[in-house]
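Residue numbers (the working numbering), protein chains in the order written: chain A, 1 to 233; chain B, 1 to 233; chain C, 1 to 233; chain D, 1 to 233.
No wet-lab data here; the hints were simulated from the structure.
No false leads were mixed into what you were given.
Since the list gives no way to pick out one identical chain from another, each pair is judged satisfied if it fits inside one copy or across any two copies.
Here are the simulated lysine-lysine pairs, DSS-like style, with alpha carbons at most 27 Å apart:
#1 K223 with K212
#2 K139 with K210
#3 K52 with K223
#4 K218 with K207
#5 K210 with K157
#6 K139 with K162
#7 K183 with K218
#8 K139 with K218
Quantities reported herein were computed from a predicted structural model and do not represent experimental measurements.
Below, each chain spelled out in residue letters.
Protein chains: 4
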Amino acid sequence: MGKYSYIKEEAYEGNLLLPKLNLVLFTWGNVSVADHKEGVFAIKPSGVPYDKLTIESMVIVDFEGEVIEGNLRPSSDTPTHAVLYQHWNDVNSIVHTHSTYATAWAQSQLDIPIFGTTHADHTTSDIPCAPPMSDEMIKGDYEYQTGFQILNILKEKKLNHKEMEMVLVGNHAPFTWGESAIKAVYNSAVLENVAKMAYLTRQINPKAPKLKDALINKHYERKHGANAYYGQK
Amino acid sequence: MGKYSYIKEEAYEGNLLLPKLNLVLFTWGNVSVADHKEGVFAIKPSGVPYDKLTIESMVIVDFEGEVIEGNLRPSSDTPTHAVLYQHWNDVNSIVHTHSTYATAWAQSQLDIPIFGTTHADHTTSDIPCAPPMSDEMIKGDYEYQTGFQILNILKEKKLNHKEMEMVLVGNHAPFTWGESAIKAVYNSAVLENVAKMAYLTRQINPKAPKLKDALINKHYERKHGANAYYGQK
Amino acid sequence: MGKYSYIKEEAYEGNLLLPKLNLVLFTWGNVSVADHKEGVFAIKPSGVPYDKLTIESMVIVDFEGEVIEGNLRPSSDTPTHAVLYQHWNDVNSIVHTHSTYATAWAQSQLDIPIFGTTHADHTTSDIPCAPPMSDEMIKGDYEYQTGFQILNILKEKKLNHKEMEMVLVGNHAPFTWGESAIKAVYNSAVLENVAKMAYLTRQINPKAPKLKDALINKHYERKHGANAYYGQK
Amino acid sequence: MGKYSYIKEEAYEGNLLLPKLNLVLFTWGNVSVADHKEGVFAIKPSGVPYDKLTIESMVIVDFEGEVIEGNLRPSSDTPTHAVLYQHWNDVNSIVHTHSTYATAWAQSQLDIPIFGTTHADHTTSDIPCAPPMSDEMIKGDYEYQTGFQILNILKEKKLNHKEMEMVLVGNHAPFTWGESAIKAVYNSAVLENVAKMAYLTRQINPKAPKLKDALINKHYERKHGANAYYGQK
Chain A
1 MGKYSYIKEE
11 AYEGNLLLPK
21 LNLVLFTWGN
31 VSVADHKEGV
41 FAIKPSGVPY
51 DKLTIESMVI
61 VDFEGEVIEG
71 NLRPSSDTPT
81 HAVLYQHWND
91 VNSIVHTHST
101 YATAWAQSQL
111 DIPIFGTTHA
121 DHTTSDIPCA
131 PPMSDEMIKG
141 DYEYQTGFQI
151 LNILKEKKLN
161 HKEMEMVLVG
171 NHAPFTWGES
181 AIKAVYNSAV
191 LENVAKMAYL
201 TRQINPKAPK
211 LKDALINKHY
221 ERKHGANAYY
231 GQK
Chain B
1 MGKYSYIKEE
11 AYEGNLLLPK
21 LNLVLFTWGN
31 VSVADHKEGV
41 FAIKPSGVPY
51 DKLTIESMVI
61 VDFEGEVIEG
71 NLRPSSDTPT
81 HAVLYQHWND
91 VNSIVHTHST
101 YATAWAQSQL
111 DIPIFGTTHA
121 DHTTSDIPCA
131 PPMSDEMIKG
141 DYEYQTGFQI
151 LNILKEKKLN
161 HKEMEMVLVG
171 NHAPFTWGES
181 AIKAVYNSAV
191 LENVAKMAYL
201 TRQINPKAPK
211 LKDALINKHY
221 ERKHGANAYY
231 GQK
Chain C
1 MGKYSYIKEE
11 AYEGNLLLPK
21 LNLVLFTWGN
31 VSVADHKEGV
41 FAIKPSGVPY
51 DKLTIESMVI
61 VDFEGEVIEG
71 NLRPSSDTPT
81 HAVLYQHWND
91 VNSIVHTHST
101 YATAWAQSQL
111 DIPIFGTTHA
121 DHTTSDIPCA
131 PPMSDEMIKG
141 DYEYQTGFQI
151 LNILKEKKLN
161 HKEMEMVLVG
171 NHAPFTWGES
181 AIKAVYNSAV
191 LENVAKMAYL
201 TRQINPKAPK
211 LKDALINKHY
221 ERKHGANAYY
231 GQK
Chain D
1 MGKYSYIKEE
11 AYEGNLLLPK
21 LNLVLFTWGN
31 VSVADHKEGV
41 FAIKPSGVPY
51 DKLTIESMVI
61 VDFEGEVIEG
71 NLRPSSDTPT
81 HAVLYQHWND
91 VNSIVHTHST
101 YATAWAQSQL
111 DIPIFGTTHA
121 DHTTSDIPCA
131 PPMSDEMIKG
141 DYEYQTGFQI
151 LNILKEKKLN
161 HKEMEMVLVG
171 NHAPFTWGES
181 AIKAVYNSAV
191 LENVAKMAYL
201 TRQINPKAPK
211 LKDALINKHY
221 ERKHGANAYY
231 GQK
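Please construct the entire structure, taking both the sequences and the accompanying hints into account.
In structure tokens:
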């Protein structure tokens with residue numbers, strides 16, 4: 001077992017959760033896990049079906065996106081993960097999927113409005129949708145620029161990546177992250193569920209009001225505040 | 001086996017039904033079972049996945065919401081359950097979920113209209129959606145006040161909790177109850193199904209009329225009236 | 001084994017198909033199988049979950065709806081089945097469900113338009129939705145009158161029950177039938193699928209035209225005409 | 001084992017994938033696999049359920065649609081497959097299904113707009129919907145003419161069958177193809193997924209813009225271009 005076996009195993013386990021939670025069709029998603037001390041992350045090899053993955057097939061890449069260890073090509077989204085790890089030393093795992101409802105919102109180029117406590121239990125704002133990038137950026141290093149698209153939309157919306165752990169990339173699909181692979185994949189499933197509920201809410205009542213501030217704060221605080229009382233200590 | 005083993009077992013079995021009936025994602029729902037003679041109820045511990053639950057992990061709480069027995073924190077919704085048991089001595093089980101279609105109606109802040117016999121087989125009125133609570137109530141004892149929100153909407157709509165065993169809490173999600181855990185969970189599944197059918201009905205025909213009174217009464221009576229002939233004697 | 005064992009077994013197998021094909025929640029559907037020579041049919045007992053059914057639990061009823069054999073109450077919809085068997089001596093099985101999309105159309109009180117060949121492979125007309133019955137009929141023998149509602153809508157639309165083996169009862173839910181339990185349940189699944197596709201078609205294109213006559217006839221003839229070439233000889 | 005055993009086995013495996021990927025109800029779909037050197041293809045027998053199929057039950061047909069080997073009738077869609085193989089000597093497998101969302105778009109008689117990268121990863125244009133065929137063609141050799149409908153819509157839209165491996169036949173349902181059965185069935189699943197996402201996108205935002213050209217080209221090139229970097233070498 002090599003020196004990166006721990007992150008390879010966590011990335012492997014995280015990737016296997018994607019089909020289990022119905023977040024991917026075929027190979028359309030990837031999970032990475034970083035070791036910030038070593039300046040590397042483990043990521044799914046490109047185009048390999050989940051049921052053919054092994055711990056050893058995970059690819060080790062540095063924060064410039066260069067392969068350090070592994071015989072397979074890393075996910076084509078690797079530069080996006082690399083940019084985010086470069087900027088966020090407190091994020092240990094990143095997930096990308098094309099889950100159906102979240103992707104439909106991304107294709108709609110609309111933020112997901114905060115309509116209820118299911119949303120507020122996880123974050124206090126609308127989930128932002130980054131606008132499509134400029135033609136120059138697309139023709140350049142596309143996946144690398146996708147990382148900056150995510151950083152920029154958070155900056156523009158004055159959101160901190162520890163408070164908002166999910167983003168839609170306009171015309172494309174969602175990215176989520178967290179302190180571990182389990183948490184980052186959990187966020188992808190939350191996002192898909194919140195996206196479906198928001199879609200249905202607007203179909204039922206096109207004038208549905210957003211959640212009021214007092215409720216937003218209450219639900220977030222009870223799960224994430226200093227006096228959080230959700231879950232076990 | 002302690003003195004509360006019977007309600008702990010029923011609460012445990014009821015909680016396991018939630019994922020089986022596709023009513024919950026992760027830990028987003030809880031079932032409690034009361035013993036009115038002892039003035040206590042057993043409830044799911046907070047934030048514990050359903051596949052990690054054991055009968056012994058159920059928490060025993062009194063009708064003030066104080067823990068009587070158990071090493072884990074009870075569900076954060078415990079005060080809501082406690083208020084309802086205080087007021088309803090003929091209700092033995094309460095269920096809370098964030099099931100998708102029922103939650104979308106709650107987020108829409110609309111009652112679910114009675115469109116068909118599937119609905120009328122269970123209750124004779126629209127399923128009420130309580131308006132969001134005032135900011136003062138939210139900042140106070142929020143989950144405790146949620147119990148009063150439920151009591152108040154039933155009072156306002158002149159509905160008896162034995163005739164209407166399900167309510168939407170506006171911006172939040174559904175609560176259902178019944179004479180046993182199986183019946184209360186059954187009501188959550190009925191609500192989700194009726195919510196989906198009502199959503200589709202309005203999409204197909206925005207002017208769909210409600211069920212007429214003669215049909216409402218007929219369907220309810222054949223299942224719940226003095227001369228009920230649905231099911232076995 | 002009694003003299004009705006053959007129809008009891010077929011009714012039992014037919015009922016088990018309902019949950020397998022996702023056409024029912026809990027006990028919300030029933031299948032019957034008739035023996036026209038004996039003037040009786042076997043039907044699901046009322047309110048019994050599918051996984052508790054046995055061949056012996058099927059109830060034998062005559063075409064007046066009177067129980068001939070069996071210890072349990074027959075389905076509350078028994079008089080509807082009885083009326084139809086009285087009038088249709090070439091129908092051997094009848095199915096009633098509350099399947100989601102078909103029921104939403106019934107609640108919408110709209111016929112399901114013939115939009116494509118999936119529909120035309122099974123019948124050449126819109127699937128009719130019977131209007132809600134009069135208050136007098138509801139207060140009388142409701143389930144018996146539901147049988148006449150079905151007979152009347154077919155008559156009004158000039159449809160033969162051998163050409164149109166499915167009907168929506170307005171505000172209520174679908175009934176289907178066929179020469180065997182397998183065929184009648186097949187028709188329930190076809191109806192649910194066609195109902196979902198028609199719903200989606202109108203959401204995508206509210207002005208979607210109906211299938212033209214030449215295509216309707218072609219698809220129906222290739223499966224059901226004198227020179228049918230679908231399936232094995 | 002006969003001389004066609006290789007294509008019979010591949011067709012058999014391909015047909016079994018259809019229910020596995022939830023693309024068919026009952027027998028509503030078929031996969032064929034061609035051997036262009038021999039001028040024949042293996043196709044599913046008509047109306048036989050997937051769980052009753054065997055390798056030996058696959059029917060061998062020539063490119064005129066005449067049965068060469070096999071005891072069962074081939075799929076009623078056989079002439080459509082034959083016409084396409086006649087014209088496309090670089091296509092080895094064709095798939096026809098009535099998958100729900102793709103069929104709803106076909107019934108809507110609308111092309112599926114290219115809204116996102118999930119679509120662009122597979123093809124650079126809207127997925128075309130062929131208009132219903134003329135009455136004369138329907139009354140003639142219908143399934144044979146369906147093949148020409150597909151050839152004509154591609155010609156009209158100036159699309160090459162190697163770049164656009166999926167088409168909707170108006171009022172009917174989708175056809176897809178590819179270099180192998182696995183690839184052709186993969187395309188059917190991609191189409192169903194893209195059709196669902198496009199439906200949701202337009203429901204969420206009726207004015208959702210199509211994907212811009214720079215993104216279309218980038219996503220397609222990274223998977224299919226000369227310097228493709230998606231997947232393994």
